[in-house]
Amino acid sequence: MIYHCYGRAHSSVVAAHLHLGNLPLKGPVHLQTILNLPKFDRSKKDDYGIPSWMGKDEMGNDIYIMGFGTFSQICARTMEDLFRIFGRSDEVLLVNALKPIGISARIGGGLSRGLGLVGIGRPLVAWGMRRSMDGMRRLIIEVKEVLEKRHG
Amino acid sequence: MAAAIHLGILPVDRAPAQVEWERVFYRTGFAGPDQGGVFLMGRTRAGDEIYILAYPAKPDNLVAKTAFSALELMAVSPEECRLIDCGTVGRSFPQGNKPSASAIQAVYPLLAQLVMNIEGGVKP
Numbered sequence: 001m002i003y004h005c006y007g008r009a010h011s012s013v014v015a016a017h018l019h020l021g022n023l024p025l026k027g028p029v030h031l032q033t034i035l036n037l038p039k040f041d042r043s044k045k046d047d048y049g050i051p052s053w054m055g056k057d058e059m060g061n062d063i064y065i066m067g068f069g070t071f072s073q074i075c076a077r078t079m080e081d082l083f084r085i086f087g088r089s090d091e092v093l094l095v096n097a098l099k100p101i102g103i104s105a106r107i108g109g110g111l112s113r114g115l116g117l118v119g120i121g122r123p124l125v126a127w128g129m130r131r132s133m134d135g136m137r138r139l140i141i142e143v144k145e146v147l148e149k150r151h152g
Numbered sequence: 001m002a003a004a005i006h007l008g009i010l011p012v013d014r015a016p017a018q019v020e021w022e023r024v025f026y027r028t029g030f031a032g033p034d035q036g037g038v039f040l041m042g043r044t045r046a047g048d049e050i051y052i053l054a055y056p057a058k059p060d061n062l063v064a065k066t067a068f069s070a071l072e073l074m075a076v077s078p079e080e081c082r083l084i085d086c087g088t089v090g091r092s093f094p095q096g097n098k099p100s101a102s103a104i105q106a107v108y109p110l111l112a113q114l115v116m117n118i119e120g121g122v123k124p
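So the sequences go chain by chain: V and S. Everything in the first sequence is counted per this note's numbering, starting at 1 for the first residue and increasing by one. Everything in the second sequence is counted per this note's numbering, starting at 1 for the first residue and increasing by one.
Where hints are given, some of them may not hold.
Claimed, not checked - In silico negatives: residues of chain V with every beta carbon more than 10 Å from chain S: (1) Gly21; (2) Gln32; (3) Thr78; (4) Arg88; (5) Ile107; (6) Met133; (7) Asp134; (8) Gly135; (9) Val146.
What the hints assert, rightly or not - Where chain V lies over chain S, by a calculated footprint (3+ residues, C-beta under 8 Å): (10) 73-80; (11) 104-115.
Stated by the list, open to error - A short list of chain V residues far from chain S (calculated; beta carbon distances all over 12 Å): (12) Ile2; (13) Asn22; (14) Val29; (15) Leu35; (16) Asn36; (17) Arg42; (18) Met59; (19) Leu82; (20) Gly87; (21) Leu98; (22) Ile103; (23) Trp127; (24) Arg130; (25) Val143.
Hints are computed from structural coordinates only; laboratory data are not their basis. For every residue, glycine included, the Cβ atom is placed at its ideal position computed from N, Cα and C.
With these hints in hand, go ahead and build the complete structure from the sequences.
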């Protein structure tokens with residue numbers, strides 16, 4: 001199970017923590033809680049295309065995050081095709097964690113990771129993530145439903 | 001082109017004639033949703049399946065890194081699957097159905113050598 005986003009620094013990190021239960025699927029989330037999440041706003045450009053393991057969920061699925069830059073569709077296609085060729089399509093689920101994310105989180109992420117303006121970018125991206133939390137939670141609930149069906 | 005050489009569709013010892021090149025599947029390249037796709041070109045007599053993967057070179061061979069990551073996640077060994085980067089040679093080759101004869105002449109020996117250098121050589 002792979003959550004992917006631009007640089008595996010923000011939306012995929014939050015999605016993975018929601019999936020793993022480190023962030024609640026209901027109720028308020030404090031800004032500081034997001035800022036303190038392991039791997040939040042930490043990745044580098046060299047990490048693009050390389051999976052980072054986040055944990056194992058309650059169904060036993062390994063949860064990874066990946067950054068595909070601006071090539072999310074192309075990279076996801078490559079991964080899915082390779083898993084299919086090896087007859088292991090049912091072992092992978094790629095989910096674009098950027099979809100529920102609003103403009104403020106994207107700008108904050110770009111400022112922090114892209115331009116190195118961490119002081120401005122990190123709080124802004126965390127604030128944006130909190131604003132997008134409802135959409136992220138809906139995404140995680142949908143993903144868990146898909147995984148539950150797969151597990152029968 | 002490298003896959004076609006490997007499969008014996010194109011000759012290894014000389015540049016192909018235009019008519020030979022036009023027999024090669026996928027010779028016009030990929031665009032849009034096909035980019036990043038892994039396509040089967042054929043099977044060698046030894047039973048090896050030969051695939052091609054087309055992707056943009058920038059940034060930093062991201063798609064190639066992603067492909068390696070997929071193989072690593074599946075614990076596929078280098079004996080089971082090898083990724084050969086033809087980009088260093090092939091990127092100077094123009095895309096399209098009818099590359100110029102001079103372009104073929106310039107790049108083809110390098111691509112043929114790349115294929116020959118693959119462990120075990122060419123076994124169509």
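For this session: Check each numbered hint from earlier against the structure, then list the numbers of those it violates in ascending order.
Result: Going through the list in order, the structure violates hints 3, 4, 11, 12, 19 and 20 and respects the others.
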